[in-house]
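Asker: What follows is the residue order along each chain.
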Amino acid sequence: MTDAQLIDRLAGTDVYMADVPLPDEIWSADFALQEIERRTGMQTEERGIQELGGSPTEPRTPRRRWLVPALAAGLAVVVAVVVAIAVLASGDEEVPDVGNTTVPETLPESAVLTPLEVGETLNRFTREGNWEAARELYDDVATFKPDSTTPVGRPMAELAFGDNFNYAFDWDGDGTYSIFDREAGYLMNAYVAGVTDRFSCTQTDATTVVCDIVSAGDPFQEGIAHSNTYTVVDGRIAELTYEWVDDSGFFTRDRKIEYQDWVRANRGELNVDDGLFPHLGSLLVTPETAEVHRELIAEWKAQR
Amino acid sequence: MGASPTTNMKFRHIYDEYFEAVTRYCLRRLPVADVNDATAEVFLVAWKKIDHVPSGPEALPWLYGVARNVVRNAARSTRRSGRLTGRLRGLAPPPPPDPSAVIVRRREDEELFSAMAQLSEDDQEVLRLRAYEGLTAPEIGAVLDISAEAAKKRVTRALTRLRKAAMPQPKVSPHPRAIPEGGER
Chain X
1 MTDAQLIDRL
11 AGTDVYMADV
21 PLPDEIWSAD
31 FALQEIERRT
41 GMQTEERGIQ
51 ELGGSPTEPR
61 TPRRRWLVPA
71 LAAGLAVVVA
81 VVVAIAVLAS
91 GDEEVPDVGN
101 TTVPETLPES
111 AVLTPLEVGE
121 TLNRFTREGN
131 WEAARELYDD
141 VATFKPDSTT
151 PVGRPMAELA
161 FGDNFNYAFD
171 WDGDGTYSIF
181 DREAGYLMNA
191 YVAGVTDRFS
201 CTQTDATTVV
211 CDIVSAGDPF
221 QEGIAHSNTY
231 TVVDGRIAEL
241 TYEWVDDSGF
251 FTRDRKIEYQ
261 DWVRANRGEL
271 NVDDGLFPHL
281 GSLLVTPETA
291 EVHRELIAEW
301 KAQR
Chain S
1001 MGASPTTNMK
1011 FRHIYDEYFE
1021 AVTRYCLRRL
1031 PVADVNDATA
1041 EVFLVAWKKI
1051 DHVPSGPEAL
1061 PWLYGVARNV
1071 VRNAARSTRR
1081 SGRLTGRLRG
1091 LAPPPPPDPS
1101 AVIVRRREDE
1111 ELFSAMAQLS
1121 EDDQEVLRLR
1131 AYEGLTAPEI
1141 GAVLDISAEA
1151 AKKRVTRALT
1161 RLRKAAMPQP
1171 KVSPHPRAIP
1181 EGGER
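Chains as they are written, first to last, in the working numbering: chain X, 1 to 304; chain S, 1001 to 1185.
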């Protein structure tokens, strides 16, 4: 058999040769294009690129590609923004607590997230475990100011970055451990714990939103009083101040040990000491382990 | 990266022309469930690097080169999550996708497919590019980022190994013994 004959025979084994219909699960070209456009924010029709908060021809940086779905998904509170702007414009110093209002289905294409919207969007991304989308909410040079004024805040301030090996993971893979990696770690820890609402946010002025960390549904964090204050510039987090309000429930390690013991007792086949729990009372949450922890924690919670 | 009408037109042309080919490339190498994301990722890269995408028919090998990396990443990710999920459920990791399950229709195809599976991943890939994607040696070279001559040699060597692997092996006694010069009496 010649080489050409062998290649022909091999070609004949191709189950996806050109005249074979594609499986039903495969997107059509049009649908796939919409999905690509959604992911990048690009528009490949004649209408051109509409950049969020930028000029129509301004290129989109890769990290902002999730911002459009974030907006479109609708955690924005247009009515609240209008009220806030109106109050500011009228010269009032106080901005009312805008609270939760109806989520609009769409936003103007030029909209930039308000501080409140940033907080609410972070809350939603936490619920969904979508740390990649959350990355778009942080400015590349965002700064972190841990609380150093309270007795419980001081040790936290000293620990600052890398404050807990649970969270010391380079989520965005840029080779550095930054404020975002720290935040992504907390976000994903709350997600795997099955949090239903991590934040309760209130916008306090035109650039600031205070998000009390309520951790509803999170067996490790619920009941611990602390808060994040985000300074938002141009729709992105420029600064985070972290405050411990009190030390009740500070030592969540006991709850993690309880969970770890449960896994060991009920899921002995798992390599619990390496892959999921690098240390006693410490959860290793990474993109690879997150779903495993989430399933296990849900089961553990149901049996507690 | 600019987003001029020319850029948009170039992207749309590439997309319309090669979407199906890239989808089939991914289908041949990944579980169906992963194909949509992989194909979208290939064209996301094409969009971001639109200025680097060759014009004309050379665009397809370029896209296959991107797809090759996307598929490798997806396969690695699938293997990792499969191992963890397998341990979680107390089950063995799911086996890698086995296209032969649907491809094999004839005994000779089955033998050929078994022979393919014995080859290295590199050999399998050049043969798939040649037989399934129907690429020439220069095009395979563009996908693999090697010269046309090197690609041609790789295809030839892979075919030789495939032919050898597909040939039935002669039965050999498990305990060979010396035969006296002049033959056994």
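Be aware that one or more of the hints could be misleading.
[What the hints assert, rightly or not] Some residues of chain X that are not near chain S, with every Cβ distance over 12 angstroms (derived):
(1) Thr2
(2) Arg9
(3) Met17
(4) Ala18
(5) Ala29
(6) Leu33
(7) Glu35
(8) Arg127
(9) Glu128
(10) Ser178
(11) Gly217
(12) Ala225
(13) Leu240
(14) His279
(15) Ala302
[To be verified] Some but not every residue of chain X turned toward chain S, in silico, with C-beta under 10 angstroms:
(16) Ile26
(17) Phe169
(18) Gly173
(19) Tyr186
No lab work stands behind these hints, which were simulated from the structure alone. Small disclaimer: the values here were computed from a predicted structure and weren't measured. Beta carbons are placed, not taken as given, at the ideal position from N, Cα and C, and that holds for glycine.
Asker: With 12 angstroms as the threshold, tell me whether leucine 240 of chain X passes as away from chain S on beta-carbon distances.
Answerer: With a cut-off of 12 angstroms, leucine 240 of chain X remains clear of chain S, as the shortest Cβ separation is near 30 angstroms.
Asker: Non-interface claim for histidine 279 of chain X: all C-beta distances to chain S beyond 12 angstroms?
Answerer: holds (19 angstroms)
Asker: Please settle this one: alanine 302 of chain X was flagged as non-interface, so is its CB more than 12 angstroms from every CB on chain S?
Answerer: holds (16 angstroms)
Asker: Given isoleucine 26 of chain X as an interface hint, is the shortest Cβ-Cβ distance to chain S below 10 angstroms?
Answerer: holds (6 angstroms)
Asker: Confirm or reject: alanine 225 of chain X is not an interface residue toward chain S, with every Cβ-Cβ distance exceeding 12 angstroms.
Answerer: holds (34 angstroms)
Asker: Mind verifying the non-interface call on arginine 127 of chain X? Its CB should be farther than 12 angstroms from each CB in chain S.
Answerer: Consistent with the label, arginine 127 of chain X stays out of reach of chain S, its closest Cβ about 21 angstroms off (over 12 angstroms).
Asker: Please settle this one: threonine 2 of chain X was flagged as non-interface, so is its CB more than 12 angstroms from every CB on chain S?
Answerer: At about 10 angstroms from chain S, threonine 2 of chain X fails to clear the 12 angstroms cut-off, so the statement is violated.
Asker: For alanine 18 of chain X, is the shortest CB-to-CB distance to chain S above 12 angstroms, so the non-interface label stands?
Answerer: The claim is violated: alanine 18 of chain X sits with its nearest Cβ about 7 angstroms from chain S, within 12 angstroms.
Asker: Just double-check glycine 217 of chain X for me: nearest Cβ-Cβ distance to chain S has to come out over 12 angstroms.
Answerer: holds (21 angstroms)
Asker: Taking 12 angstroms as the cut and beta carbons as the points, is serine 178 of chain X off the interface with chain S?
Answerer: holds (23 angstroms)
Asker: Checking a non-interface call: every C-beta of chain S should be farther than 12 angstroms from the C-beta of glutamate 128 of chain X. Is that right?
Answerer: holds (17 angstroms)
Asker: Beyond 12 angstroms on every Cβ pair: is that true for arginine 9 of chain X relative to chain S?
Answerer: Per Cβ check, arginine 9 of chain X is inside 12 angstroms of chain S; nearest 6 angstroms; violated.
Hint compliance for this structure: hints 1, 2, 3, 4, 5, 6, 7, 17, 18, 19 are not met, and every other hint is.
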